[in-house]
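Q: Each chain, letter by letter, is given below.
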Amino acid sequence: MKQGSTPHADQEQIALICAHYQNDPHRMLDILRDVQDKFRCISRGTMQTVADKTGLTQVAVEGVASFYAFLSLEPKGRVTIRLCDDIVDRFAGLAAVTEAFEHTLGVTVGQTAVDGAFSLEYTPCIGMCDQAPAAMINDVVVTNLTTEKVHKIATALKEGKSPQDLISDRFDELSARQRATRMVKNNIKHAGAVLLGPVPDDAGLKQALEQTPVQIIDQIEASGLRGCGGAGFTTGLKWRFAAQADNNRRFIICNADEGEPGTFKDRVLLTERPHLLIEGMTIAARAVGAREGILYLRGEYVYLRELLEEILAERRAKGLLGQNIMDAAGFDFDIRLQIGAGAYICGEEGALISSCEGLPGEPKTRPPFPVTSGYLGFPTIVNNVETFCHAARILDRGAEWFFDMGTAGSHGTKLFSVSGDCINPGVYELPYGLSVRELLEMAGGEDAAAVLVGGPSGTMIARDTFDRKLTFDDLATGGAIVIFSAQRNILEIVEYYMSFFVHESCGYCTPCRVGNVFLQKAVAKFRAGLANPADISYLSDLSATIIETSRCGLGMTSPNPILSTLENFPLVYSAMVKPPQDRLRATFDIQSAISDARVLAKRRSSIYDKDFSK
Amino acid sequence: MSFTFQIDGEDVTAKEGQTIMDAADDAGIYIPRLCDHVGLRHQGGCRVCTVKVDGRSVAACTQPAAPDLTVENETPHINKLRRDLVGMLFNEGNHLCPICEASGNCELQAMAYRLGMTEPTRFPYLEPCRPLDASHPDIALDNNRCISCGRCVRASQDVDGKGVFGYVGRGIHRHIAANGVDLADTDAAVTDFAISAEVCPVGCIIRKREGFARPIGERDYDKHLIGHDIEKKHDD
Numbered sequence: 015m016k017q018g019s020t021p022h023a024d025q026e027q028i029a030l031i032c033a034h035y036q037n038d039p040h041r042m043l044d045i046l047r048d049v050q051d052k053f054r055c056i057s058r059g060t061m062q063t064v065a066d067k068t069g070l071t072q073v074a075v076e077g078v079a080s081f082y083a084f085l086s087l088e089p090k091g092r093v094t095i096r097l098c099d100d101i102v103d104r105f106a107g108l109a110a111v112t113e114a115f116e117h118t119l120g121v122t123v124g125q126t127a128v129d130g131a132f133s134l135e136y137t138p139c140i141g142m143c144d145q146a147p148a149a150m151i152n153d154v155v156v157t158n159l160t161t162e163k164v165h166k167i168a169t170a171l172k173e174g175k176s177p178q179d180l181i182s183d184r185f186d187e188l189s190a191r192q193r194a195t196r197m198v199k200n201n202i203k204h205a206g207a208v209l210l211g212p213v214p215d216d217a218g219l220k221q222a223l224e225q226t227p228v229q230i231i232d233q234i235e236a237s238g239l240r241g242c243g244g245a246g247f248t249t250g251l252k253w254r255f256a257a258q259a260d261n262n263r264r265f266i267i268c269n270a271d272e273g274e275p276g277t278f279k280d281r282v283l284l285t286e287r288p289h290l291l292i293e294g295m296t297i298a299a300r301a302v303g304a305r306e307g308i309l310y311l312r313g314e315y316v317y318l319r320e321l322l323e324e325i326l327a328e329r330r331a332k333g334l335l336g337q338n339i340m341d342a343a344g345f346d347f348d349i350r351l352q353i354g355a356g357a358y359i360c361g362e363e364g365a366l367i368s369s370c371e372g373l374p375g376e377p378k379t380r381p382p383f384p385v386t387s388g389y390l391g392f393p394t395i396v397n398n399v400e401t402f403c404h405a406a407r408i409l410d411r412g413a414e415w416f417f418d419m420g421t422a423g424s425h426g427t428k429l430f431s432v433s434g435d436c437i438n439p440g441v442y443e444l445p446y447g448l449s450v451r452e453l454l455e456m457a458g459g460e461d462a463a464a465v466l467v468g469g470p471s472g473t474m475i476a477r478d479t480f481d482r483k484l485t486f487d488d489l490a491t492g493g494a495i496v497i498f499s500a501q502r503n504i505l506e507i508v509e510y511y512m513s514f515f516v517h518e519s520c521g522y523c524t525p526c527r528v529g530n531v532f533l534q535k536a537v538a539k540f541r542a543g544l545a546n547p548a549d550i551s552y553l554s555d556l557s558a559t560i561i562e563t564s565r566c567g568l569g570m571t572s573p574n575p576i577l578s579t580l581e582n583f584p585l586v587y588s589a590m591v592k593p594p595q596d597r598l599r600a601t602f603d604i605q606s607a608i609s610d611a612r613v614l615a616k617r618r619s620s621i622y623d624k625d626f627s628k
Numbered sequence: 031m032s033f034t035f036q037i038d039g040e041d042v043t044a045k046e047g048q049t050i051m052d053a054a055d056d057a058g059i060y061i062p063r064l065c066d067h068v069g070l071r072h073q074g075g076c077r078v079c080t081v082k083v084d085g086r087s088v089a090a091c092t093q094p095a096a097p098d099l100t101v102e103n104e105t106p107h108i109n110k111l112r113r114d115l116v117g118m119l120f121n122e123g124n125h126l127c128p129i130c131e132a133s134g135n136c137e138l139q140a141m142a143y144r145l146g147m148t149e150p151t152r153f154p155y156l157e158p159c160r161p162l163d164a165s166h167p168d169i170a171l172d173n174n175r176c177i178s179c180g181r182c183v184r185a186s187q188d189v190d191g192k193g194v195f196g197y198v199g200r201g202i203h204r205h206i207a208a209n210g211v212d213l214a215d216t217d218a219a220v221t222d223f224a225i226s227a228e229v230c231p232v233g234c235i236i237r238k239r240e241g242f243a244r245p246i247g248e249r250d251y252d253k254h255l256i257g258h259d260i261e262k263k264h265d266d
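Those protein sequences? They're chains A and B, same order as listed.
Number 173 in the numbering used here belongs to position 159 of the first sequence; there are no gaps in the numbering.
Number 68 in the numbering used here belongs to position 38 of the second sequence; there are no gaps in the numbering.
Hints are computed from structural coordinates only; laboratory data are not their basis.
There's no promise every hint is true.
What the hints assert, rightly or not - 16 Å max Cα-Cα, derived EDC-like pairs, lysine to aspartate or glutamate:
#1 B:Lys110 x A:Glu506
#2 B:Lys192 x A:Asp66
#3 B:Lys82 x A:Glu562
#4 A:Lys535 x A:Glu506
#5 A:Lys535 x B:Glu157
#6 B:Lys110 x A:Glu562
With the rest of the complex left out, here is chain A (with noise of 0.2 Å):
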């Protein structure tokens, strides 16, 4: 093989960072985040001295350096700027914000300056849909931006300025809390029972240790708590499945992943709650016989790395996790971080295993399923922030006060990440029954004229459907609720969605890799006025092939933005198409078929350019 020509002393640094994670290829993903921080590209080369250190082929390495966002075979700049570019920042004026970067750093949108300066991309939601414009500057986040912002940002930013100088100009004496609290607001707009109103100190572990695992799980089974990710499993089944295989070893994993666009509520939990959701990881090691666990943060959040950090170690410290937890002999367990790089499809349970191992994150077959085959082959459970949470919450107070709220099928309360068009965007922590006019009411959104629930994998409901009630029987979702005022085109936004699909699919399916390209493709077509009357068939009948064989989660909601505003929606669609006409077909762009071969034959056409002649 031949080498690659890494200069001699970045490959000792390279080895240095694989030293780091004990040259152990499951940590591939730290390994190439770190790279990329330390070099801003990985390389060929890297990718060889990386691949030598781990045992792996260098291909092996590529396939993880080349599947997420945030890791980049080109080099980037000393500091990346990635701005949010959800459909809700689009609205919210991204456009003037995007120009504005541009301008003032004198670099276009997904480019790199040629001083290595600056790069400046596009990156899908980064969570802060309840405070956009916003963006991501290398690892500090920015919010409401506005032209005036960027262009004080960007200034400061081309004097030399560190990221960091642009939150507060004494950053090094902030604490871990008010670094992440400045750079991002929680706006809880409605605190419930459960999670945002007062919660004791481990008032849940104190009463875990009380009880038997098998009794921990009775009472999350008897609670009704099920996954607040959105598939809604039962979390006391989950729990004793992983308790009932044959192993010694398990984890735990928490999926601090949310990457539905228009989410943000675990952010809030995270930075607001972090005690109770390792005291709920805990819990469950407990009730399961788990010793170790990991921490799953997106990509996305890593300005909240050092908070977490901070609260593993001061746990650590206190003996609330380690060896002896609260001097319980023999109850070990403790949490890695382990922080995601830029893919959507790591919040599907398997594809964050397979992140968690270092490889790209793609879904695995199931079954076997995680609770009996997950993490390197090790029974596993994986949850959501909100669910770890939850499960603390019950064990404090008891499975009846949690079944008691709620109504029959989902119990209990639930966050709701509020964006888009309204008065009030934010977190709403409401028991599960409310309908959408209700929160609609809350938020200050009555003017709504549909609204996505769960997320473009979710539903988008049209006025006539606002007294739909938020419960797993009737709108399941895993919080998102954006908010679409009457002015907003509903192709656009589905448009936009479908292309956000595409970006995010794995590839590792035909159905998804390949069908949501098609799905775009036609729906761009019904924007461009070029759809004929059997496209809206076409577009029904193509998801349902996509639903039904694609391989994970991800395929079979994908086509969700079309077929729930098909349903809810006609019009907008029957609008947009043209009956065919007498020989060509309306839709038929004569023009844009011709305009290839213009090119080749370096000549204008006798028969469709007018101006031939000339």
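Fit chain B to the supplied structure of chain A, relying on the hints for placement.
A: Here is chain B on its own, set in the frame of chain A:
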């Protein structure tokens, strides 16, 4: 321990640990597939082997067989799904059968014929422009014809013990890459199982100087449909 379940109303015997496809193969029932190949790990990526188990879609190549399952395989609905998937694979790449040396031996082409695809689908052509790799003295790669089945990846890794190929990229940009700058930069050899005619189902991996060796009429799928070798067992 063996048990029975049903495929399209027919009783099939399976052994513990077999997938639905393994058991079907043994019983002489062909379930269409492209990314799966005898002797290689199951991947479940192409989804052409989608079947319905008690009404739910699963990939037959990865779904464990279990007692008393009711599996639907050859139904009009499932074959429609399969035609869509095969259509996606055609339009995702550049598959020009008349000039391709794999024509007649190509599993993608043969699958299209088996499923009754005789005219263009409604899908748009993505017409990618993927570079050729002719660097190796004995082997060429035309990625324009690749359907991302990954059979070469698994064959090289698991059978040859080399790891010549791997997947890189994500989503529609995910593709097979050589373990190096190009194929000549790897330890690939034309004698590798991964390079053999049976591994690449299409005309992506090309062994130089042997193209169009078999005349029309004597190619793999000139006389029989794909799956014939398995279905033959059923009739015997």
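Q: Within 16 Å, alpha carbon to alpha carbon, are lysine 535 (chain A) and glutamate 506 (chain A)?
A: holds (13 Å)
Q: Need the status of pair lysine 82 (chain B), glutamate 562 (chain A): alpha-carbon distance at most 16 Å?
A: holds (10 Å)
Q: For a C-alpha distance cap of 16 Å, please report whether lysine 110 (chain B) and glutamate 562 (chain A) respect it.
A: holds (11 Å)
Q: Given the proposed pairing of lysine 110 (chain B) with glutamate 506 (chain A), does the C-alpha separation stay at or below 16 Å?
A: violated (30 Å)
Q: Lysine 192 (chain B) and aspartate 66 (chain A): Cα distance at most 16 Å?
A: holds (15 Å)
Q: Does the structure keep lysine 535 (chain A) and glutamate 157 (chain B) at a Cα separation of 16 Å or less?
A: holds (14 Å)
In this structure, the one hint that does not hold is number 1.
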